[in-house]
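Chemist: Sequence lines, in order, name chains A and V. One point on numbering: in the numbering used here, the residue at position 130 of the first sequence is 130, and numbering is uninterrupted. One point on numbering: in the numbering used here, the residue at position 258 of the second sequence is 1258, and numbering is uninterrupted.
Keep in mind that the hints were calculated from the coordinates and are not lab data. You can take every hint at face value.
FRET-style restraints, in silico, Cβ to Cβ: (1) V:Leu1250 to A:Val235: 22 to 32 Å; (2) A:Phe228 to V:Leu1269: 42 to 52 Å; (3) V:Leu1256 to A:Val216: 17 to 27 Å; (4) V:Asp1158 to A:Leu30: 34 to 44 Å; (5) A:Pro107 to V:Asp1025: 42 to 52 Å.
The C-beta atom is built at its ideal place from N, Cα and C for all residues, glycine as well.
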Amino acid sequence: MPAGDRFVEATRPAALVPLRPREADTEAPLEDPRLSDVDEWGRSEHMRAVARQIYGPLYRQWFRVEWQGLEKIPTSGGALLVANHAAAIPSDAPVIMHGIEEELGRPVYGLADHIFKTFPVIGTMWSRLGGVAAHPENAFRLLREQRQLVLVFPEGTKGPGKLYQDRYRLRRFGRGGFVEMAMRAGVPIVPIAVVGAEESMPTLAKVPALARALGVPYVPITANHLVFGPVVGTVAYFPAKFKLRVLDPVTFQVPPEQERYSKSRVMDEAETIRVKLQDNLYDMLRDRRSVWFG
Amino acid sequence: MGRRVLITGLGTFWGGRMAQALERDPDVEMIVGLDTVTPSVALERTEYVRADQSYSILSRIVRAAQVDTIVHTFLVVDSTRMSGRALNETNVIGTMNLLAAASSAGAPVRQIVVKSSSLVYGSSFQDPVWFREETPRTGPPGTRVESSLLEAEGYLRDFAEDNPHVVVSLLRFANVLGTEIVTATSQALERQTAPYVFGFDPLLQFVEEGDVVRCLEFVTRHGVAGIYNVAGDGRLPWSEVAHICGTRLLPLPPVLTNVAAAPLRQLGLLDLPAELLSLLRFGRGIDNRRLKEAGFTYRYTSAGAVENFARARRLRRTVGSAPPEYTYERDVEAFFRHSPAVVRHPEA
Chain A
1 MPAGDRFVEA TRPAALVPLR PREADTEAPL EDPRLSDVDE WGRSEHMRAV
51 ARQIYGPLYR QWFRVEWQGL EKIPTSGGAL LVANHAAAIP SDAPVIMHGI
101 EEELGRPVYG LADHIFKTFP VIGTMWSRLG GVAAHPENAF RLLREQRQLV
151 LVFPEGTKGP GKLYQDRYRL RRFGRGGFVE MAMRAGVPIV PIAVVGAEES
201 MPTLAKVPAL ARALGVPYVP ITANHLVFGP VVGTVAYFPA KFKLRVLDPV
251 TFQVPPEQER YSKSRVMDEA ETIRVKLQDN LYDMLRDRRS VWFG
Chain V
1001 MGRRVLITGL GTFWGGRMAQ ALERDPDVEM IVGLDTVTPS VALERTEYVR
1051 ADQSYSILSR IVRAAQVDTI VHTFLVVDST RMSGRALNET NVIGTMNLLA
1101 AASSAGAPVR QIVVKSSSLV YGSSFQDPVW FREETPRTGP PGTRVESSLL
1151 EAEGYLRDFA EDNPHVVVSL LRFANVLGTE IVTATSQALE RQTAPYVFGF
1201 DPLLQFVEEG DVVRCLEFVT RHGVAGIYNV AGDGRLPWSE VAHICGTRLL
1251 PLPPVLTNVA AAPLRQLGLL DLPAELLSLL RFGRGIDNRR LKEAGFTYRY
1301 TSAGAVENFA RARRLRRTVG SAPPEYTYER DVEAFFRHSP AVVRHPEA
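Taking the hints into account, I'd like the entire structure generated from these sequences.
Modeler: Structure below.
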């Protein structure tokens, strides 16, 4: 007879040490008492609206943004927006996000290098305004499950980190991770060619030693520093004319949610998109008569 | 025949609550609780056995009491409670002894439920917004509590592989808030001012203490095998947490944060361990959908857990904390359980 049975028999229906009966636990879920509108990605629609108010004049009067082919951006369902990346402090991301939100009324989540999360204040602001760390899991959830628009710059920090003399020459498109993101999520890639960002804050030189010391990708010395001084020049853009051209969406005939995709296929698709984007940039630059007036 | 359950860490918050929950279950025939300290809640029929920190007597108990289910609530996740060495001893060696006892030849154990923590995912700037159970952590563990939990989980994984006849459930809980539990996080929110790292407003996730017990009970009762994240729905910024609690936020510098936090610890004001400081910088989210698909429903969302804590906190601030209702007296417990003088009414 196993130890314990002796009193177990006595205990089964009634307690040995009588305790107050606990009130019956109801199991119904309770309400969610949120106070702010910060979503799981850190984005706040309220903050976004305030930012749009402030950014509107800059978008319309300073950069005088013009779109071509905006109708190619899907009005519902997930899509991965891909663009060239430029300017020491990239001016293209806010332009694209603001433009699409204003014109299509859809939120855009911007994927960025996760290094942004380590910067106090800036990281938090970026997150509240729709920035998300470029982790494949984040992209999958946003694109596949929540069917959102997601913006990514495949050049990463190599784009804005390049010198003015290299303007409009696309850097390597990473390891094609963005193509894999789109394949896994089963969404189209919509490339956007941006002209104007390069001239809004051109990098003349870089200070690699300082960048290493600060742990940031690059520390630029820009033309804006020379014109506006070291403080204002860090945040003030030149009024370059912005033109954006949305290219035809690229779809992939592959099943979604696969563990892995053929690396050669991924690299091929990435290169095709890069070439198409590069060709369109050259085409737009051929038509551009003035940096400031388009 | 009913189930025969062994609970480790009976004296801890979770062990005690879990024993109370199991006592209400008529299918549970016998409950043995093991701990280095005496139980802190009143129990009707649970048998308490004092053990040393690394549970060396465990295999004897398992065999003697013919334990078929082990609920391991004794993994220490709050590093402010004990030294790094003691924590390692408890988490790693304790788990090893437990698994050794469960896998010895002829051991009657058929189910093991382990209460781990979302600390195993860490908290870093490279993290995804949501960790699924399979998502690997993005960097090596930086603290002792994290590495000891990872080690303990590693042993458990090996055990599960070697013992396919045992149902192994590994539960990773998010930060717990509730009416009673005291954690490093709850202490940070208890006072008039709570700390934050200047320039950071991370998104945090919480699970309510009642949901934790219900989850342990659910998994134990239904024999749900596998690894599960346990956390309330949604994430909310630390500033909102403070707002719900009605505390002001006091900034810590974003550089040399642990240096700035050290005097707070020395003065006994606030103990902010390294894992909490990185949480206050980068936050953490764990995907709770797998457990929901297994049939569990949460009563509280993350914000709901915070609000429940805030209500209890307001009461505490007004009337002070209630004195402990119960102290364990060995002789009294033995009398009620075993003395022939006690009249028991099995059919009453």
